[in-house]
Amino acid sequence: MSDHGHHKETFITKYIFSQDHKMISKQYLITGIFMGVVGVFMSMLFRMQIAWPEHSFSIFEAFLGSHQTDGVMDPDIYLALVTIHGTIMVFFVLTAGLSGTFSNLLIPLQIGARDMASGFLNMISYWLFFLSSLIMILSLFVQAGPAAAGWTVYPPLSALPQAIPGSGTGMTLWLVSMAIFIASSLLGALNYIVTVLNLRTKGMKMTRLPLSIWSFFVTAIIGVVSFPVLLAAALLLMFDRSFGTSFYLSDIFIGGEVLHYQGGSPVLFEHLFWFLGHPEVYIVILPAMGIVSEVMAVNARKPIFGYRAMITSIIAIAFLSTIVWGHHIFVSGMNPFLGSVFTFTTLLIAIPSAVKSFNWITTLWKGNLQLNPAMLFSIGFVSTFVTGGLTGIVMGDSALDINIHDTYFIIAHFHLVMGVSAIYGMFAGVYHWFPKMYGRMMNKTLGYWHFWITAIAAYGVFFPMHFVGLAGLPRRYYTNTAFPYFDDLADINVVMTWFAILGGLAQLIFLANFFISIYKGKKATQNPWRANTLEWTTPVEHIHGNWPGEIPEVHRWAYDYSKPGLDEDFMLQTVPLKEGEEPS
Amino acid sequence: MLALFYIFIALVIATAFWQITNIFNLKEVIATDKDNETQGKLMLGFMLFFYGLMIFSFWKYYSVLLPEAASLEGQTIEGLYIATMLMILIAQGLVQFLIFWFTYKYRGNKNNKALHYADSHKLEMIWTIVPTVALAGLIIYGLTVWSDVMYPDNDKALIVEVYGKQFDWEVRYAGKDGVLGKANVHNIKGQNTMGVDMTDENAKDDIHIPTTVKEFYLPKGRKVIFKFRSQDVLHSAFMPHFRAQMNCVPGMVTQFAFTPSMTTEEMRANPKMIDKIANIKQIRLEKSEVLLKEGKEALEPYEFDYLLLCNKICGATHFNMQKKIKVVESAEFDKWIAEQKTLNEVL
Ligand code: HEM
Ligand SMILES: [Cu+2]
Ligand SMILES: [Cu+2]
Chain A
1 MSDHGHHKET FITKYIFSQD HKMISKQYLI TGIFMGVVGV FMSMLFRMQI AWPEHSFSIF
61 EAFLGSHQTD GVMDPDIYLA LVTIHGTIMV FFVLTAGLSG TFSNLLIPLQ IGARDMASGF
121 LNMISYWLFF LSSLIMILSL FVQAGPAAAG WTVYPPLSAL PQAIPGSGTG MTLWLVSMAI
181 FIASSLLGAL NYIVTVLNLR TKGMKMTRLP LSIWSFFVTA IIGVVSFPVL LAAALLLMFD
241 RSFGTSFYLS DIFIGGEVLH YQGGSPVLFE HLFWFLGHPE VYIVILPAMG IVSEVMAVNA
301 RKPIFGYRAM ITSIIAIAFL STIVWGHHIF VSGMNPFLGS VFTFTTLLIA IPSAVKSFNW
361 ITTLWKGNLQ LNPAMLFSIG FVSTFVTGGL TGIVMGDSAL DINIHDTYFI IAHFHLVMGV
421 SAIYGMFAGV YHWFPKMYGR MMNKTLGYWH FWITAIAAYG VFFPMHFVGL AGLPRRYYTN
481 TAFPYFDDLA DINVVMTWFA ILGGLAQLIF LANFFISIYK GKKATQNPWR ANTLEWTTPV
541 EHIHGNWPGE IPEVHRWAYD YSKPGLDEDF MLQTVPLKEG EEPS
Chain B
1 MLALFYIFIA LVIATAFWQI TNIFNLKEVI ATDKDNETQG KLMLGFMLFF YGLMIFSFWK
61 YYSVLLPEAA SLEGQTIEGL YIATMLMILI AQGLVQFLIF WFTYKYRGNK NNKALHYADS
121 HKLEMIWTIV PTVALAGLII YGLTVWSDVM YPDNDKALIV EVYGKQFDWE VRYAGKDGVL
181 GKANVHNIKG QNTMGVDMTD ENAKDDIHIP TTVKEFYLPK GRKVIFKFRS QDVLHSAFMP
241 HFRAQMNCVP GMVTQFAFTP SMTTEEMRAN PKMIDKIANI KQIRLEKSEV LLKEGKEALE
301 PYEFDYLLLC NKICGATHFN MQKKIKVVES AEFDKWIAEQ KTLNEVL
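Those protein sequence lines, which keep their order, are chains A and B.
So that you can map any letter, position 59 of the first sequence is 59 in the numbering used here, and since no number is skipped, the others follow by simple counting.
So that you can map any letter, position 53 of the second sequence is 53 in the numbering used here, and since no number is skipped, the others follow by simple counting.
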């Protein structure tokens, strides 16, 4: 990559098949935003169905095609919407959209590298992601509807088209899309790992890396460890579906006949799925944590509190995250002793999570907080992460999970701790690094409106949802009217839906701000937030290879904010220690 | 409702556009002291909103929560549940306060400088050790409850099989011998919808409650061991009032046990339940009036019953897979079960 800037760039190599990490990062972001719009829109549709069950809406008529009758949503498509919403949000928005965008943008820039270790693999990784997004979107137009067995696609439901129409072609496309997605993630993750290990600039010791890089790095490792297992699970499911094997199926009587499957077990699939599925939630949340740590330190004008403890907890979380998957299947019929083990490991994860939360709060303490939109989202992150994390202590306890498993309580829990939090982290990152991506600034006032409406809506949807769950209402119910016992929940459901619509619409503010700022935003200066990290030493206009001359050398850690004895309240990592200055 | 919805959307979009055209003329893109001041105060306001929302939710929605557990095992779970909830509520109350208060208190100002405070071993020890101790307590308490619930002793227990299928439940009692006859999907035929192997001696006295019967009985005060099977896809037998749930897995028999501790009549007389049901009846009454006005049929009258519902996505009608559970005094149960026909008589 040392011959930067010499070869001719065509439109195609610059904007489409680009190997430049900055362009690839933007491609990930735009694709992620597009998928996010689809996913959030779906949630508004199915929330409307829950609030006003079997009501006729012209929106349904317009968007649901043959899956509605006179504007009334069909039960099958309700399940399909929930399934695709979950899949898109978790994988396409918060895995690829989040990690893909910020690992790509920041790893080379913050460690002082000209580009990723392999620009070519990086490009392939993006295009595989694009292809898998395309297939997932195409699956929405299949005659019998897209996959509808929940984002967890448990067989036999996901294996048998007789059981639900979405398990026909829709499910095939889902599996193909996910297999490609996994390949994309693996290529990306391997690249991130190699780049962080090998391409750090002179002086950039591992202990001088910003926490953002630490999180991206560890996230990539978790991905490499766990995604292949999902791929294996998906392949075996394809075999069961298409070639008549019985990995997951046994003793099934459906549609008036006994199927030939013998000896398999759906519980095997559940183990394999959650062996990825649980680490996956950390793949989603760790990059957000890294972004928040970075944004918070910059805007508090303070070092992040407990840098080493933060790294230790990231690693502890990563390790523990691979041995807790069983807490999703306490009542699957697995041996209760296993349940005990998983309760133990699960509750342990609360410890590093608590350490991180307290460290963020202490970072705020006695800071000089610059309340930019990115900072607001970071603070919002800590709030939702704590609210959602605490209910994890309830779910993680097997004895308590018996009664809240698969109710709306879990929906409230994971949306707060993973969904909303990670989305906040993503927004924080976009507001903060937008000048680095597009050379312009996003509008502040719109950012504020976006934050406040989103924050109110998010709690308005997901806080009352806990009560619905504790009242015993199962998730994935097309309507609650079949049980008069739940009639008193109808009001709450209406309230939550209004907040969901409000929150969804608030994202229009973000979209407008984002796209208008690309063209009309105020031109950025080189280091608008007065931050320490290396990305702010690169020129505003993107160049291939990032730095025009030599790559700068690093002399200090990333967090010398407001250090006594220095004139400014920040100090770039590239500035050598002053005489007599102690390294932090 | 629909009109309201469209007006609402139109309003939001209009405001958004009005704001956008206004705002892009602004020069300032980085938070100023004035912004810090406003946003800091807004954060304080948001804290009040959030605490308000939490308190409001508890006050307003407390009545919808499940009433006390109707099984002995459920009651032990209830103790753990209350302890855990108290703990997380206290933590939530404190920690959220710190987040918003600090944001407000330390909102930025040109004349201030942040404290360069990068580390404190002591503080970090505190917030490693305090959660560790609290969690250790919860883990030990949790695991004892779990093993109480999951390792039932089998003496004199009533054995009941629950069979899930798209989209209904069937139930089978083990009969006089206390043993369920073998069963497999290959035996499903005609009225033998549960696939019971009728050559098995143990099956002859089993008692079958088919899908057409919408309720089944359990005795109060006697341990019931449930055996779960599924005919087609995963289902989950969820009996929230007893704090009981277990998946039904094709190809496998799963198990869960509890001891009902309150009859249906007793639960109906429970003060919390009386309020809840009165509320539900009121809601249904109002809905029925509207329906009648529209020339439709009124809603069916409602009386509380324990529920068995499906809690694992299983297809289109997953939302309506139900059976009622009648818990009665054991004498009454014995009488009821004696009146039922055995499988041998039926088939
Ligand atoms: C506008 C914001 C959102 C709203 C109103 C919303 C609402 C919901 C609701 C009500 C459900 C449960 C439906 C049911 O079980 O019947 C659900 C499912 C789900 N949501 Fe969201 N959600 C939102 C954003 C997100 C985000 C940001 C994520 C990212 C993690 C996410 C991930 C999921 C997942 C994984 C499921 C489970 C899907 C399944 O049951 O298979 N959602 N959402
Ligand atoms: Cu998990
Ligand atoms: Cu079901």
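The hints are simulated quantities; they were obtained by calculation from the structure and are not laboratory data.
Ideal Cβ positions, reconstructed from N, Cα and C, are used throughout, including at glycine.
Take the hints with a grain of salt, since some may be wrong.
Said to hold, decoys possible - If you want a taste of the chain B side facing chain A, the calculated C-beta under 8 Å gives, among others:
no.	residue
1	N109
2	L234
3	P240
These are the hints, each one checked on the structure:
1. N109: 7 Å, holds
2. L234: 6 Å, holds
3. P240: Hint holds; P240 of chain B Cβ to chain A Cβ min 4 Å, cut 8 Å.
Checked against the numbered hints above, the structure breaks none of them.
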